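A.B. asks: Okay, here's what each chain looks like letter by letter:
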Amino acid sequence: MADLNDNVQRAATIAVLVENEAGVLARVIGLFSGRGYNIDSLTVAPVDEHGRLSRITVVTTGTEMVIEQIKAQLDRLVPVHKVSDLTLEGPHLTRELALIKVVGTGSARQEALRLADAFRARVVDATTESFVFEMTGSGEKLDAFISLMRPIGLAEVSRTGAVAIVRGTSSLTA
Amino acid sequence: MSPQTLPAASATTSLTGAEIVLRALKEQGVDVIFGYPGGAVLPIYDAIFQQNAIRHILVRHEQAAVHAAEGYARSTGKVGCVLVTSGPGATNAVTGLVDALMDSIPIVCLTGQVATHLIGNDAFQEADTTGITRPATKHNYLVKDIRKLAETVHDAFYVARSGRPGPVVIDLPKDILVGKGPYTEAPKREHRSYRPQVEPDAGQIRKAVAMLKAAKRPVVYAGGGVINAGPEAAALLGKLVRMASLPCTNTLMGLGAFPASDPQFLGMLGMHGTYEANLAMHGCDVMFNIGARFDDRVTGRLNAFSPGSLKIHADIDPSSINKNVKVEVPVVGDAAAVLRAMIAAWDEEPAQQDREAIAAWWRQIDLWRGKKCLDYVQTGKIIKPQHAVKRLYELTKESGRETFISTEVGQHQMWAAQYFGFEKPNRWMTSGGLGTMGYGLPAAMGVQVAHPDALCIDIAGEASILMNIQEMATLAQYRLPVKVFILNNQYMGMVRQWQELLHGSRYSESYSEALPDFVKLAESFHGVGMRIEGADDLDRVIREMIAIDRPVIVDCAVDEKENVMPMIPSGAAHNEMLLASGQESGGGASVTDQGMGLV
Chain S
1 MADLNDNVQR AATIAVLVEN EAGVLARVIG LFSGRGYNID SLTVAPVDEH
51 GRLSRITVVT TGTEMVIEQI KAQLDRLVPV HKVSDLTLEG PHLTRELALI
101 KVVGTGSARQ EALRLADAFR ARVVDATTES FVFEMTGSGE KLDAFISLMR
151 PIGLAEVSRT GAVAIVRGTS SLTA
Chain F
1 MSPQTLPAAS ATTSLTGAEI VLRALKEQGV DVIFGYPGGA VLPIYDAIFQ
51 QNAIRHILVR HEQAAVHAAE GYARSTGKVG CVLVTSGPGA TNAVTGLVDA
101 LMDSIPIVCL TGQVATHLIG NDAFQEADTT GITRPATKHN YLVKDIRKLA
151 ETVHDAFYVA RSGRPGPVVI DLPKDILVGK GPYTEAPKRE HRSYRPQVEP
201 DAGQIRKAVA MLKAAKRPVV YAGGGVINAG PEAAALLGKL VRMASLPCTN
251 TLMGLGAFPA SDPQFLGMLG MHGTYEANLA MHGCDVMFNI GARFDDRVTG
301 RLNAFSPGSL KIHADIDPSS INKNVKVEVP VVGDAAAVLR AMIAAWDEEP
351 AQQDREAIAA WWRQIDLWRG KKCLDYVQTG KIIKPQHAVK RLYELTKESG
401 RETFISTEVG QHQMWAAQYF GFEKPNRWMT SGGLGTMGYG LPAAMGVQVA
451 HPDALCIDIA GEASILMNIQ EMATLAQYRL PVKVFILNNQ YMGMVRQWQE
501 LLHGSRYSES YSEALPDFVK LAESFHGVGM RIEGADDLDR VIREMIAIDR
551 PVIVDCAVDE KENVMPMIPS GAAHNEMLLA SGQESGGGAS VTDQGMGLV
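If you read the sequences in order, they're chains S and F.
Counting from 1, one number per residue, gives the positions in the first sequence under the UniProt record's numbering.
Counting from 1, one number per residue, gives the positions in the second sequence under the UniProt record's numbering.
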């Protein structure tokens, strides 16, 4: 166990399985703001067949002591079923989706398409003066692509924040 | 329908929402509700009118309803129940809810709400109650479907009382209350998502026992969790402490968990704790924290808190563990279950206690006790507030009556904690976490409702008492013979004390100007008022107060300039206590600039 007294900050990707009920997201967000924890990103959607469970993926940074607190505080919320620190669970996949609009004409369009191809971004909308690219991957990959698009004519970005899952057979269930 | 009974329960019977609420409360064992009516909850009041199973106590302010329910809950171990209307009814209740949240008191608070189709329209007396109370409660609900109403009430009681107890709000739109739906009984199955760990892990218990048994300088630090776990937990604590010759200190919330008269009791610890308790905490080699949360009023400066000790922390709330202080052995579980398991595992642990070392440790503790840190000098006519509390304690003990004490917040609260001895749990109601002035009178009222024959005394200050003084009317209406004992020093004493110590004696706005005549005030509320001007009146008036079977306010004039001592100033460590003048100081702490920034 890492030393709870050290001041080293680490990132943590935490998956939270919650009852899909009114106010549950407000409870989670309120916990972070009320206790002064960071939220780097947060995603939520129902994940079971009946729509009764939602999975929240929250990426946060803090000292080991703070991250342990965040998990314990999340776990004691009444509608929370499970809390899992994917960063400690072992190898896991993290993905983010972005829709990126680039506006421009002439050679800029050619350059945008060439880079999109190299980054495996898909064109999901096109006009004579614009593209919308769809891209999934790690946050760093999305950052890299977006910064390349900036001088070419980046107009708008919409990103989901990270979703994550542990590799292999182990599963997070209620 | 007979006015005496509630409609028969069955999943097929269709009842109004208000009837469903009352039936569910009844099934949950509620016998009294503290409340205040208003438009949105009129259907529930109509249902209350038509039955006799549940008694309603009409308070004079919704904040007081919650404090009264807290007093009821803390003195009985049951869930306290509150009923208030929408909008201002709910917002007035918020202070009480946060108070219950901080002190882990089980409360279910029903709030009225505008009809579902009006929610969000800024309707008359509409407030976003679930939004406002989300961080003020352990959990809250907005009922939008009458078919889920009964289930929600049952769920709320389960959540309020399970795990670390706390307040729960159920927001009830008016159309739900007048609509018709089925009643469902409390489910027997486990809760879907909230299942706090009650039984501790056996491995952690073994580690805790091994560590505690090997200690040469042990100390037990017991808090409100022991009270919340029921009288059995306090009995088990006593058993463990005695069989292992452990010194035991209690937090403010834990007073009564271990008998004050026991020779192994060190007194309260923390900012205004005893010299021996704090130095034992500072100098111990193994600390066993059961049901306390390393609050900043207990630890003082964190990086100097009990620096050389190994720590065991047993708590039902995992988020309390390793929050402020890193511990070696965390144990998650109910205090009674943990203590039971530790006592059972004690003899299985092969190592023997170092009785010689523990005897030496007790000799050290006795040296600290020799400081007599709670001594004061009472001479002449002017009453020392400590003396007033001490005489109050001794004379109530002499009366032989079952006695419950509540307090407001400030100096009088600390003197009550220091000088009133509590032998049993559930006899002491105080606002520890939130520090709510105005808590004591309504809390005493709730205690008196639960224990009609007991002696219920609110030890108050002249400033705090004015924050919920309107409850004198409630006392009169229900003939609740609560005694209010005001230590009147004409100052917001704790504010004045801090201004003296931290702000160059500039007493900014802390003088209690234009005080009412408390004797006439008591009389105008149909009670008895008495005044104590000097030390020779003290015993006589206290005896008289105890004997009167009506609400009484005693206005006891005390020394204006007395400070609560000992004191660990903000930002100081346990071994840097300030002692009363005339006593040799421990480590000679003074208030640092850094400490000034702390509360």
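Read the hints as simulated data drawn from the structure, not as lab findings.
The reader is advised that the hints may include incorrect statements.
[Claimed, not checked] Each computed BS3-like pair below joins lysine-lysine, with the alpha-carbon atoms no more than 30 Å apart:
#, chain 1, residue 1, chain 2, residue 2
1, F, Lys180, F, Lys213
2, F, Lys144, F, Lys180
3, S, Lys82, F, Lys397
4, S, Lys71, F, Lys561
5, F, Lys78, F, Lys144
6, S, Lys82, F, Lys144
7, F, Lys188, S, Lys82
8, F, Lys397, F, Lys78
9, F, Lys239, F, Lys424
10, F, Lys384, F, Lys144
11, F, Lys384, F, Lys397
12, F, Lys213, F, Lys424
13, S, Lys82, F, Lys148
14, F, Lys213, F, Lys188
15, F, Lys188, F, Lys148
16, F, Lys326, S, Lys82
17, S, Lys82, F, Lys207
18, S, Lys71, F, Lys207
19, F, Lys188, F, Lys26
20, F, Lys397, S, Lys71
Predicted model only: the values in this text are computed from it and were never measured.
A.B. asks: Looking at the structure, which of the earlier hints fail to hold?
C.D. replies: 1, 3, 4, 10, 14 and 20
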